[in-house]
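Start from the sequences, fold in the hints, and give me the full structure.
Here the sequence shown is numbered in my numbering, starting from 1200 and rising by one per residue.
Heads up, some of the hints might be wrong.
[As the list claims (entries may be wrong)] Each pair of labels, with its calculated beta carbon distance range:
no., residue 1, residue 2, range
1, Thr1304, Ser1201, 18 to 24 Å
2, Asp1262, Pro1211, 26 to 32 Å
3, Ser1201, Leu1306, 31 to 37 Å
It is worth saying that the hints were derived from the structure and are not from the lab. Just so it is clear, the structure is predicted and the values come from calculations on it, not from any experiment. For every residue, glycine included, the Cβ atom is placed at its ideal position computed from N, Cα and C.
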Amino acid sequence: MSNANALILALPQPILLVGQDDRIVGVNAAAEQLLGMTCDGLPYITALRQPAVLDAVEATLKDQDARTTTYLGTDGARETTFEVTVRSAVLSGGTVVVLSFQDLTALEQA
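See the structure below:
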């Protein structure tokens, strides 16, 4: 296990790492629960499936600029809203795109 994977596994919020080969190279349990699938090694387009998030990842893979977008999901019968921060990070194995999801559902429903 890499240091990056050990770190994201310890974080409570959903985190994904996308490599330059367009595949998920790191994911924690919170992200897999949010996405509803085991997604380590999958192409990110298979796991994320929302145009705004896909566009943000694709653009950050190309230019390394940080972006923020929204991920909409469901948690049982209720709709959920997450702010997704998309950033580039340089690791020992190369550059990855880091996606961090912050749950805004309570704020959106207030």
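Q | Enumerated hints in conflict with the structure, sorted upward | A | The structure breaks only hint 1.
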